[in-house]
Amino acid sequence: MTATTGPLGEVLSDGERTGLRYVRLLRHSPEKVWRALTESDGLRHWFPADIVGERAAGARLSLPFWPEGLEDEKAVEAIQEMGVDPNSYVSEGELRVWDPPRVFEFTWGMDGREDLTDLLRFELEPTDDGTRLTFTTWLGGPAQNADTAVGWHVCLDELTDLLDDGPTAPTDEAAALVVQRVKARTEGLGPKYAALIRS
Numbered sequence: 001m002t003a004t005t006g007p008l009g010e011v012l013s014d015g016e017r018t019g020l021r022y023v024r025l026l027r028h029s030p031e032k033v034w035r036a037l038t039e040s041d042g043l044r045h046w047f048p049a050d051i052v053g054e055r056a057a058g059a060r061l062s063l064p065f066w067p068e069g070l071e072d073e074k075a076v077e078a079i080q081e082m083g084v085d086p087n088s089y090v091s092e093g094e095l096r097v098w099d100p101p102r103v104f105e106f107t108w109g110m111d112g113r114e115d116l117t118d119l120l121r122f123e124l125e126p127t128d129d130g131t132r133l134t135f136t137t138w139l140g141g142p143a144q145n146a147d148t149a150v151g152w153h154v155c156l157d158e159l160t161d162l163l164d165d166g167p168t169a170p171t172d173e174a175a176a177l178v179v180q181r182v183k184a185r186t187e188g189l190g191p192k193y194a195a196l197i198r199s
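Each step along the sequence shown adds one to the number in full-length UniProt numbering, with nothing skipped, and position 96 is 96.
In case anyone wonders, no lab produced these hints; they're calculated from the structure.
Predicted model only: the values in this text are computed from it and were never measured.
Glycine is no exception: its CB is placed at the ideal position from the N, C-alpha and C atoms.
Take the hints with a grain of salt, since some may be wrong.
Stated by the list, open to error - Quick list of the computed label-pair ranges, beta carbon to beta carbon:
#: 1; residue 1: Arg96; residue 2: Val23; range: 18 to 26 Å
#: 2; residue 1: Ala56; residue 2: Ser13; range: 30 to 38 Å
#: 3; residue 1: Thr134; residue 2: Glu54; range: 18 to 26 Å
#: 4; residue 1: Leu12; residue 2: Glu54; range: 26 to 34 Å
#: 5; residue 1: Gly188; residue 2: Glu92; range: 31 to 39 Å
Based on the sequences and whatever the hints tell you, model everything.
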């Protein structure tokens, strides 16, 4: 398990829109990183939802939350605050760019509401010893939310762990360790992102 977290993301502004950008240098080939970003077997270990649909630009996507992700109280509260039942919720999106293994871009929306639709873009560049991953997300609406910034940071930490250490066996004990690790990282990063967003 990787003990440290990656560098803080960057807060972006474009008029009323707020975005976040994170850069990670990964010691793995673009092809391996691509599989972890786009295939269910990899997504399950770091991304909040599965991504179901044809892998072609313009395709409609469905993004069902992983059941174990709904065990996190904070995640459930955030979904409920949007007026959504977390137990039956599958969000929708559109695949905008599919250029393996370089660019994966899609929208992730809540109930078709523009104010709750995010754009997510993953860009991979080969380096001498692996891959430079640049993840940029433009958030639906103007809100600058430190919890969202922390959440994506922790997701990318979990992606790094998956790539470095392989998938965690799906046992109750392993799931509990992942939850503990995520909570510890979240608590440590919260004040840092709150300060970054205020600046």
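Consistency of the hints with the structure:
Range check, arginine 96 to valine 23: Cβ separation about 21 Å, and the 18 to 26 Å hint holds. One distance hint, 30 to 38 Å for the beta-carbon pair alanine 56 and serine 13, holds here, with the actual separation near 32 Å. Checked against the given bound of 18 to 26 Å, the beta carbons of threonine 134 and glutamate 54, roughly 25 Å apart, stay inside it. Between leucine 12 and glutamate 54, the C-beta spacing of about 30 Å keeps the proposed range 26 to 34 Å intact.
Evaluation of the 31 to 39 Å hint for glycine 188 and glutamate 92 yields a pass: the beta carbon distance comes to about 33 Å.
When each numbered hint is compared with the structure, no violation occurs for any of them.
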